[in-house]
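**Student:** Start from the sequences and build out the full structure, keeping to the hints where you can.
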Amino acid sequence: MPTEPQTSRIEPAGFVHDSRDKVFRCTGDWTLQGIGQLERRISRSRDFGRERILDGSGIRRLDTAGALLLERLRGRIAEGPIRGLSDRHAALLSMVAHYRGEDAAVFRRSGPLTRLGKGAIDGATELMALFTFVGRVAADSLPQVLLPARLRWKQVFAEIEHAGVRALPILGMLAFLTGVVIAYQGGTALEQYGANIFIVDLLTITMLREMAPLITAIIVAGRTGSAYTAQIGTMKITQEIDALRALGMSPVNVLILPKVLALLLVLPLLTLFADGFGMLGGILVADIMFGVGYQDFLQRVPAAVAASHFWVGIAKGPVFAALIVTVSCYQGFAVQGSTESVGRSTTRSVVQSIFLVIVADAVFSVLFNLANL
Amino acid sequence: MSDEAVIRVNRLTTRFGDTVVHDGLDLEVRRGEILAIVGGSGSGKTVLLRHMVLLDTPRVGTVELFGEDCTNLGSGRLLVMRERIGVMFQHGALFTGLTVHENVMLPLQEHTRLRRAMIRELAMIRIRMAGLPAEAAVRYPNELSGGMIKRAALARALALDPELLFLDEPTSGLDPVSAAAFDDLILELKSLLGLTVVMITHDPDTLWRTSDRIAFLARKRVLETAPVAELVQSTQTEIQGYFAGPRTRDRRQD
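Keeping their order, the protein sequence lines are chains A and B. Sequence positions in the first sequence follow the numbering used here and run 1 to 373. Sequence positions in the second sequence follow the numbering used here and run 1 to 254.
Mimicking SDA-like on lysine to any residue, the simulated pairs with C-alpha atoms at most 25 Å apart in a straight line are:
hint: 1; chain 1: B; residue 1: K190; chain 2: A; residue 2: R100
hint: 2; chain 1: A; residue 1: K118; chain 2: B; residue 2: E135
hint: 3; chain 1: A; residue 1: K118; chain 2: B; residue 2: L98
hint: 4; chain 1: B; residue 1: K190; chain 2: A; residue 2: S57
hint: 5; chain 1: A; residue 1: K118; chain 2: B; residue 2: N142
hint: 6; chain 1: B; residue 1: K190; chain 2: B; residue 2: G92
hint: 7; chain 1: B; residue 1: K220; chain 2: B; residue 2: A244
hint: 8; chain 1: B; residue 1: K190; chain 2: A; residue 2: S86
hint: 9; chain 1: B; residue 1: K190; chain 2: A; residue 2: A91
hint: 10; chain 1: B; residue 1: K190; chain 2: A; residue 2: D87
hint: 11; chain 1: A; residue 1: K118; chain 2: B; residue 2: L144
hint: 12; chain 1: A; residue 1: K118; chain 2: B; residue 2: A134
hint: 13; chain 1: B; residue 1: K190; chain 2: A; residue 2: G101
hint: 14; chain 1: B; residue 1: K190; chain 2: A; residue 2: E71
hint: 15; chain 1: A; residue 1: K118; chain 2: B; residue 2: R139
hint: 16; chain 1: B; residue 1: K190; chain 2: A; residue 2: R9
hint: 17; chain 1: B; residue 1: K190; chain 2: A; residue 2: I10
hint: 18; chain 1: B; residue 1: K190; chain 2: A; residue 2: G28
hint: 19; chain 1: B; residue 1: K190; chain 2: A; residue 2: A97
hint: 20; chain 1: B; residue 1: K190; chain 2: A; residue 2: M95
hint: 21; chain 1: B; residue 1: K190; chain 2: A; residue 2: S94
hint: 22; chain 1: B; residue 1: K190; chain 2: A; residue 2: R60
hint: 23; chain 1: A; residue 1: K118; chain 2: B; residue 2: E143
hint: 24; chain 1: B; residue 1: K190; chain 2: A; residue 2: H98
hint: 25; chain 1: A; residue 1: K22; chain 2: A; residue 2: D87
Treat the hints as calculated values from the structure; they're not laboratory data.
**Tutor:** Here's what the structure looks like:
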């Protein structure tokens, strides 16, 4: 076995130029820790002249990193083999030379046009995959929905508890604060015209029609949608999804359908809950700060505001639910291979869900406007 | 092989709650040898390995690497030690967000001040040394087969030119042909790089082909350390039991 000096002190690698017999004498530790400075020096020097001889007899320690540097140096300044290497060092050097290769081809990156084209195709493929996914889920779940007795009700109720009941505190809190803010900001402006009582119209329409459904959908997308993606994504990585299929259970029926049913039911109910707490916040502010008593407030609501505002808000719920559950389950199934992919998919799931919810809300505004609702 | 000890474990005692895993365990690894650690499930092989690669600190007893007590190393010395040892984890533990090439480059970028071009080439040499084709360098771990993951993990373990290489079940999950090729690779690298190798293995072929000595773990300590040919003659009942099984019988008779 080779015996190398065992001191852990490092003697930096270097080489001495002997101009008389045109020899470079290498010295010191040509190891990963020893070659740092020399490597910079060599890479900076442009010209070493020609017809030099490398002498390796002064090398104290050599490892593969040092051997690679020696090989590179030899390629640049020497023509013949390196003189005076010990057998072991020579063997190491020839091994490194053997394992060197042309790697440029492996790392060649494609041009901007190729990448643009690839990106376009990837985008189109993902859109197609999303549609395929929706179609497959629909086809798989239809027979199940038609036979309610065979649904996994236990799971549906569990999902309702997770997505609905446990979201109540945070949703109530946020809706309440939103109501407070809307009433306060709107009330300040109305007060200047002495139109305090219109705070009722302002708050009721904004809250019931827009804010409550939106806040609810955003919270559900962040809380529940992300959890769906992470759960399905992790199950995919650990091959649990494959195991389900191999055991003759459809992942759609076991994983997706209960979530779809639960969210479709839960989101309108949560919206109702947010309506209540949002109004509560607004009524408190109107009573305390703008002199509109809660009795006046409540009496004016049915008189001033059409019931359609309320129903429009509730009707958005199932649509938002469908968007959220589709995106989050799709992203979960789109996870591939690595743990990092779960994180990426989860982020994407939340961002896309919220994006789609707001787009859908805008579309609703236009449609309901056309329908005079 | 010199008799100089690269690793010396003295009176190591570890326990998890009420379970005593090691009770005064002693082990010595000599420079330039391949030492295999064997023992039944739950005999504390992996825990022992974790102590030797300085991931766990002994509560009782000491672990010496390269003649230096590593029980209470400061972070600076610890880093120097870590640069001298390479670890290949059982399931590879490759960073899934990085390509094979980036996985191997990572320790080099972190601990050396070489220029990028040099690091790239060094990493490629490691990858080829570990028996991977150059094309595998740009792949991500989830695009690799089991055997390739093992090789990539080996390439990363070799990144910093370690003197000491630890392998946790290097051939588990490989088909017999790949496993044999991996054994050859370890032998080749050991002789070329002058490595000292410590491995945990259950693979009888690996034991017979590669190991210089085997440390047999049982009864909470190293029962016996000997070359495999001597170990099969042992009078200890645990060792006899281990080598009497149909899978671990004396391979020289085949």
